[in-house]
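Protein sequences, first through last, are from chains D and E.
Straight run, no breaks: the first sequence in UniProt numbering ends on number 333.
Straight run, no breaks: the second sequence in UniProt numbering ends on number 333.
These aren't lab readings, by the way, just hints derived from the structure by calculation.
You may find that some hints are simply not true.
If chains are identical, the list can't say which one is meant, so a pair holds when it fits in one copy or spans any two.
[What the hints assert, rightly or not] Keeping only pairs whose Cα atoms sit at most 25 Å apart, straight-line, the calculated SDA-like set for lysine to any residue is: (1) K274 to A31; (2) K274 to A234; (3) K115 to G236; (4) K260 to E136; (5) K59 to R213; (6) K251 to V202; (7) K263 to S238; (8) K203 to V55; (9) K248 to K260; (10) K274 to D231; (11) K248 to S78; (12) K111 to K274; (13) K248 to G189; (14) K212 to M245; (15) K260 to Q162; (16) K260 to E196; (17) K260 to T270; (18) K316 to Y305; (19) K260 to V61.
There are 2 protein chains.
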Amino acid sequence: MSENHYAEFSECSMKPQDVLEYVSGPMPVPAEGEVLIRMKAAPINPADINFVQGVYGVKPVLPHSRAGLEGCGVVQESRAEGFRKDDEVILLRGVGSWSEYVAVPAVNVMKLPVKVDPVQAAMLKVNPLTALRMLEGFVSLTPGDWVVQNASNSGVGRCIIQLAREMGVKTVNFVRRPDELRDELTALGADLVVGEDDEDVVKNTLARLDGKRPVLASNAVGGESALRLMDMLAPGGSMVTYGAMSRKSIKVPNGFLIFKGIKLEGLWVTQWLKNAPVPEIEAAYDKLARLMADGRLKQAVDTVYPLSDVRRAVEKAQEEFRSGKVVLSMERV
Amino acid sequence: MSENHYAEFSECSMKPQDVLEYVSGPMPVPAEGEVLIRMKAAPINPADINFVQGVYGVKPVLPHSRAGLEGCGVVQESRAEGFRKDDEVILLRGVGSWSEYVAVPAVNVMKLPVKVDPVQAAMLKVNPLTALRMLEGFVSLTPGDWVVQNASNSGVGRCIIQLAREMGVKTVNFVRRPDELRDELTALGADLVVGEDDEDVVKNTLARLDGKRPVLASNAVGGESALRLMDMLAPGGSMVTYGAMSRKSIKVPNGFLIFKGIKLEGLWVTQWLKNAPVPEIEAAYDKLARLMADGRLKQAVDTVYPLSDVRRAVEKAQEEFRSGKVVLSMERV
Numbered sequence: 001m002s003e004n005h006y007a008e009f010s011e012c013s014m015k016p017q018d019v020l021e022y023v024s025g026p027m028p029v030p031a032e033g034e035v036l037i038r039m040k041a042a043p044i045n046p047a048d049i050n051f052v053q054g055v056y057g058v059k060p061v062l063p064h065s066r067a068g069l070e071g072c073g074v075v076q077e078s079r080a081e082g083f084r085k086d087d088e089v090i091l092l093r094g095v096g097s098w099s100e101y102v103a104v105p106a107v108n109v110m111k112l113p114v115k116v117d118p119v120q121a122a123m124l125k126v127n128p129l130t131a132l133r134m135l136e137g138f139v140s141l142t143p144g145d146w147v148v149q150n151a152s153n154s155g156v157g158r159c160i161i162q163l164a165r166e167m168g169v170k171t172v173n174f175v176r177r178p179d180e181l182r183d184e185l186t187a188l189g190a191d192l193v194v195g196e197d198d199e200d201v202v203k204n205t206l207a208r209l210d211g212k213r214p215v216l217a218s219n220a221v222g223g224e225s226a227l228r229l230m231d232m233l234a235p236g237g238s239m240v241t242y243g244a245m246s247r248k249s250i251k252v253p254n255g256f257l258i259f260k261g262i263k264l265e266g267l268w269v270t271q272w273l274k275n276a277p278v279p280e281i282e283a284a285y286d287k288l289a290r291l292m293a294d295g296r297l298k299q300a301v302d303t304v305y306p307l308s309d310v311r312r313a314v315e316k317a318q319e320e321f322r323s324g325k326v327v328l329s330m331e332r333v
Numbered sequence: 001m002s003e004n005h006y007a008e009f010s011e012c013s014m015k016p017q018d019v020l021e022y023v024s025g026p027m028p029v030p031a032e033g034e035v036l037i038r039m040k041a042a043p044i045n046p047a048d049i050n051f052v053q054g055v056y057g058v059k060p061v062l063p064h065s066r067a068g069l070e071g072c073g074v075v076q077e078s079r080a081e082g083f084r085k086d087d088e089v090i091l092l093r094g095v096g097s098w099s100e101y102v103a104v105p106a107v108n109v110m111k112l113p114v115k116v117d118p119v120q121a122a123m124l125k126v127n128p129l130t131a132l133r134m135l136e137g138f139v140s141l142t143p144g145d146w147v148v149q150n151a152s153n154s155g156v157g158r159c160i161i162q163l164a165r166e167m168g169v170k171t172v173n174f175v176r177r178p179d180e181l182r183d184e185l186t187a188l189g190a191d192l193v194v195g196e197d198d199e200d201v202v203k204n205t206l207a208r209l210d211g212k213r214p215v216l217a218s219n220a221v222g223g224e225s226a227l228r229l230m231d232m233l234a235p236g237g238s239m240v241t242y243g244a245m246s247r248k249s250i251k252v253p254n255g256f257l258i259f260k261g262i263k264l265e266g267l268w269v270t271q272w273l274k275n276a277p278v279p280e281i282e283a284a285y286d287k288l289a290r291l292m293a294d295g296r297l298k299q300a301v302d303t304v305y306p307l308s309d310v311r312r313a314v315e316k317a318q319e320e321f322r323s324g325k326v327v328l329s330m331e332r333v
């Protein structure tokens with residue numbers, strides 16, 4: 001138990017599986033004000049891939065950078081007020097969650113308010129918070145309002161469906177494989193599941209919204225897909241961008257801004273976590289953790305890999321069609 | 001004096017000079033609640049051109065539509081409370097300002113609070129209000145803040161320069177002919193006048209802003225020019241679009257929204273005039289009219305044509321390089 005294993009990389013590459021290494025080092029020792037955490041699980045998000053590629057908003061400090069932007073674990077040793085051994089926690093800030101042990105300042109750690117399954121808890125920080133901020137941070141939504149999103153089968157997309165259902169807000173969900181996914185997303189609470197490539201999809205979908213138009217559009221794709229979302233929005237509505245899966249810029253017809261009065265904004269929870277008041281952050285996670293514990297907020301998992309298989313896991317995480325998130329487990333079996 | 005002349009068109013055309021006609025008709029008779037106005041002057045704005053082209057946010061009702069979206073005049077006969085003969089007024093809403101006489105509901109008319117030169121007063125409604133809303137409606141500006149704009153030599157652009165100067169706000173002004181225009185715009189209050197095509201213009205200009213970045217960008221061009229504005233903005237800043245002179249969409253790199261947190265919004269004063277509370281509208285015009293009367297807010301005029309020369313005037317208004325606005329005069333000489 002005096003050895004620590006973790007994933008690190010020495011150069012950025014568009015193929016993270018080529019540069020990530022599963023290595024071992026000494027057990028970290030917590031300084032005053034820090035806690036030593038035995039990590040349990042950490043997901044592989046698009047942001048993690050982009051981080052290793054060097055194209056994320058946070059840049060790795062090389063020549064040796066650990067990987068992993070979120071994860072959960074249990075306090076092994078506390079040298080900070082407010083934490084003690086066996087507390088279940090998630091990492092709020094910093095990189096290096098793809099490790100068996102980390103020693104981090106207490107301010108970067110949050111205790112879970114309720115017992116949550118570790119694989120789900122590992123994914124609490126980013127996607128559910130992104131979905132919550134999307135629905136609460138830009139437009140004042142009331143029950144019966146419509147929200148439209150693309151990448152609806154993504155981690156955030158599924159959280160948006162479930163949180164919107166909790167709010168009584170209806171969702172139009174664009175996906176690439178509507179026939180395969182309709183039942184599953186409808187079971188989560190999706191009101192409409194429509195194909196990105198369906199003919200006349202904007203016109204046909206608007207005809208199904210009780211004469212309303214979406215007041216909020218959640219965009220994780222960009223390109224043509226974002227154009228469809230803007231086209232569907234109500235006058236004065238907002239499109240909020242949190243991802244760019246198509247790697248294509250958003251082309252905004254000037255008239256959408258001038259005459260239709262729509263707004264374009266961005267959402268990056270890493271930034272929000274830096275600036276928001278602590279009680280607001282805690283209230284958000286408290287709400288999300290409780291919904292998770294109740295099974296009303298759940299993220300789909302495709303495969304769980306042991307940390308030692310990090311290369312295979314990140315390769316899998318980059319495959320186009322998965323049935324959920326790829327998660328790394330640090331529990332030795 | 002029983003005859004009325006005005007400009008009308010029967011079909012839309014990208015060449016408004018081909019479809020506009022100077023015609024005569026009977027003198028309009030004001031109904032109860034209306035005022036009869038003898039028009040004095042009306043400018044030819046890009047919006048007027050677009051209206052006759054059929055590509056503006058307000059569409060003409062054909063087969064016979066009058067033209068002209070703003071203008072000033074004097075009350076000839078009042079059948080509405082609050083107005084009497086000889087009141088100097090501007091038209092607030094509706095089309096048809098390119099006429100010698102109009103009879104309009106009093107709600108669409110505003111009395112000038114002070115004496116203003118007719119050619120200037122004719123241009124009070126759109127450009128100065130657009131500039132004021134740009135500076136007051138989106139970002140809370142404090143003295144010493146920077147604003148960046150393109151189309152800085154346009155009617156709105158010049159108003160932004162002058163109103164920003166009144167607020168102690170500094171302006172970076174993109175133009176296509178910086179060397180020709182620098183002295184003139186600097187005299188109005190411009191802090192920096194830079195060329196759209198200057199090499200490394202973003203980097204070089206940022207180096208001249210006392211270590212600050214603009215918090216607001218005013219965009220009337222779109223395309224590459226809008227991209228430069230977004231590039232210059234401070235994190236969290238707003239780009240507000242009120243025109244699209246390049247006729248090119250705005251291409252937004254996703255990272256500008258997600259990581260830099262900039263916002264894109266639109267400004268259309270016609271919409272604002274529809275929705276804003278009347279006291280707010282009156283306060284805005286009161287402020288602008290007084291600045292105009294004091295000579296502290298002035299719009300450049302290229303040529304004044306008699307209304308009968310409307311075709312030649314709209315042709316001139318579409319020429320690329322002018323020294324100011326083309327204005328129609330209805331005063332018979």
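Here's how the hints hold up against the structure:
1. K274 to A31: So K274 and A31 pass the 25 Å test inside one copy only (22 Å; across, 62 Å).
2. K274 to A234: Cα proximity of K274 and A234: across copies only (17 Å, versus 32 Å in one copy).
3. K115 to G236: neither (41 Å within a copy, 37 Å between copies)
4. K260 to E136: For K260 and E136, both the intra-copy (23 Å) and inter-copy (20 Å) Cα distances are at most 25 Å.
5. K59 to R213: Between copies only: 23 Å across, 39 Å inside.
6. K251 to V202: Both: 17 Å inside a copy, 21 Å across copies.
7. K263 to S238: both (5 Å within a copy, 10 Å between copies)
8. K203 to V55: between (36 Å within a copy, 22 Å between copies)
9. K248 to K260: Answer is both: 23 Å inside a copy and 17 Å across each meet the 25 Å cutoff.
10. K274 to D231: between (33 Å within a copy, 23 Å between copies)
11. K248 to S78: Neither, since 45 Å and 58 Å both go past 25 Å.
12. K111 to K274: Within one copy, since 18 Å is at most 25 Å while 51 Å is not.
13. K248 to G189: neither (29 Å within a copy, 39 Å between copies)
14. K212 to M245: neither (28 Å within a copy, 32 Å between copies)
15. K260 to Q162: Answer is neither; intra-copy 29 Å and inter-copy 28 Å both fail.
16. K260 to E196: For K260 and E196, only the intra-copy Cα distance (23 Å) is at most 25 Å; the inter-copy one is 28 Å.
17. K260 to T270: Between copies only: 12 Å across chains, 31 Å inside a chain, cut-off 25 Å.
18. K316 to Y305: Cα proximity of K316 and Y305: one copy only (10 Å, versus 71 Å across).
19. K260 to V61: between (44 Å within a copy, 20 Å between copies)
The structure does not agree with the numbered hints 3, 11, 13, 14, 15 stated previously, though it agrees with the rest.
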